[in-house]
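Asker: With chain S held as given, fit chain H with the ligands onto it using these hints.
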Amino acid sequence: MKIIVTDMDGKSHELPAEEDWSVMEIIRDHGIPILAQCGGSCACATCHVYVDAAWQDKLPEANEEEIGMLDGAFDVQKNSRLACQIVFNSSLDGLTLTLAPGSV
Amino acid sequence: MEKHHTDVIIVGAGPVGLFAVFELGLYDMKAHLVDILDKPGGQCAELYPEKPIYDIPAIPVCTGAELVARLMEQIKPFHPTFHLGQMAEKLEKTPEGKWQLTTDAGTVLEAPVVVIAAGGGSFMPKKPPLKNIEAFEGQSVFYAVRKRENFRGKNIVVAGGGDSALDWALNLQPLAGRITLLHRRDDFRAAPDSVGKMREMVAEKKMDLVIAQLLDVKGDGGQLSSLVVKPEGAEAYDVACDTLLAFYGLTMKLGPVANFGLNLHENLIPVNTADFESSEARIFAIGDINAYPGKLKLILSGFHEAALMAKKAFAYVYPDRKYRFQYTTSSSDLQNKLGLEKAA
Ligand SMILES: Cc1cc2nc3c(=O)[nH]c(=O)nc-3n(C[C@H](O)[C@H](O)[C@H](O)COP(=O)(O)OP(=O)(O)OC[C@H]3O[C@@H](n4cnc5c(N)ncnc54)[C@H](O)[C@@H]3O)c2cc1C
Ligand code: FES
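Chains as they are written, first to last, in this note's numbering: chain S, 1 to 104; chain H, 1001 to 1344.
Derived from the structure by calculation, the hints contain no laboratory data. Treat the hints loosely; a few may be bogus.
To be verified - Looking from chain S toward chain H, a few residues come up when the C-beta cut is under 7 Å (computed): (1) Cys-38; (2) Gly-40; (3) Gly-68; (4) Asp-71; (5) Gly-72; (6) Val-76; (7) Gly-102.
Beta carbons are placed, not taken as given, at the ideal position from N, Cα and C, and that holds for glycine.
So here's chain S without its partners, still in its complex pose (with noise of 0.2 Å):
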């Protein structure tokens, strides 16, 4: 299983992605610069991705937290999400999704 990451200077990445895992996390661990600053506690905004259109519909939807949370990003769209809010798991393999300003 993998995600499709887009780094802010435009190169693509192909990241193998484990079950249970944030999407956050995935970014994190193989070394692609993602802030994150708060670890993953919905408290920063720094992992601001925009998820691929294709996608947007199959996430869950985005708690009131998150929402929240993302007054604190900017260039907010309607893809916007925190990538630490999205628990990878099975039904994800292939997400493709865009950092972020903000988010390195």
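Answerer: Then chain H with the ligands, alone, in the frame of chain S:
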């Protein structure tokens, strides 16, 4: 200029800096703490006051705010002095071999020992990632209000949707020329009372509310003339203004500690694990800011580090006295210091 002499200067009043006051106090060392936040507690107070912590030994659960309140109670007998809302900016050696720390507010502290408990760095406002914004900072773009009077008569946009944005929009409304509140969605994570007041003012046309995101800043020579904003699903447009106050929350950056002359490794301070002293004698680093093989960035690690640091600091502060290991349970000496009745 305000100058204080003390035994130990602690940079950072997070949980680890606070507990250091306790460990130092048990051995008669007085401490002054400096923190850029306007409250003690570091990450626990600023990032997660309401969230539960489960791994503080012997406290099955407490929130970030509760942990800070308990630490403040625990260190009360030692009367620490806090210099809050101040950035520890400069660290120099005095001719007598002591350390002198100067804050951005001009406070000067002098002590034989410095403890850096700066955690993930100093809390600083998040800045919008716009390439030209720096040219305006300090002149027409601000991330905090230092002097309210400076905003009199201004045409101000306050950006953000939390308590800081709402509080300042309301606070400055009576003296501003015009206030516009700018937020990305029509929902505010602020005290319901302030949200209510803001809505009232908007209804009475005493304040403008723009639901859009900040795309760009325009102006000349550091003076803002307008902001480019974009509502969801609509075209971007300009909002004329002469001042932007942006409240997008805080982020942690190493800050001035980088210039203290210490060895750094990936923005952390390497220490030895016998006493958590840095590359510089009499300067210690404890809590999230230090690095050593096996380090875990946990509050309990910082507490342990504080105890070992205090033992070595004692040798510097009281070179003529012998360190005696004692238990708080049985030592009447320690209990006296804690302000307790003599043990039976
Ligand atoms: C959401 C979240 C949940 C967490 N949960 C847990 C948990 O369950 N258990 C656990 O053990 N840990 C947890 N942590 C980690 C824990 O909060 C940190 O390990 C702890 O706060 C570190 O304490 P500290 O005192 O070293 O630094 P901090 O708490 O980071 O405090 C450092 C302080 O120093 C100040 N400072 C720095 N430089 C300067 C300067 N130059 N001038 C003035 N002030 C300065 C900063 O403003 C800050 O207030 C969590 C962290 C987060 C974000
Ligand atoms: S890592 Fe801080 S919100 Fe995701």
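Asker: With reference to the structure, classify each hint as holding or not holding.
Answerer: How the hints compare with the structure:
| no. | hint | in the structure |
| --- | --- | --- |
| 1 | Cys-38 | holds, 6 Å |
| 2 | Gly-40 | violated, 12 Å |
| 3 | Gly-68 | holds, 5 Å |
| 4 | Asp-71 | holds, 5 Å |
| 5 | Gly-72 | holds, 4 Å |
| 6 | Val-76 | holds, 6 Å |
| 7 | Gly-102 | holds, 6 Å |
Of the numbered hints stated above, the single one contradicted by the structure is hint 2.
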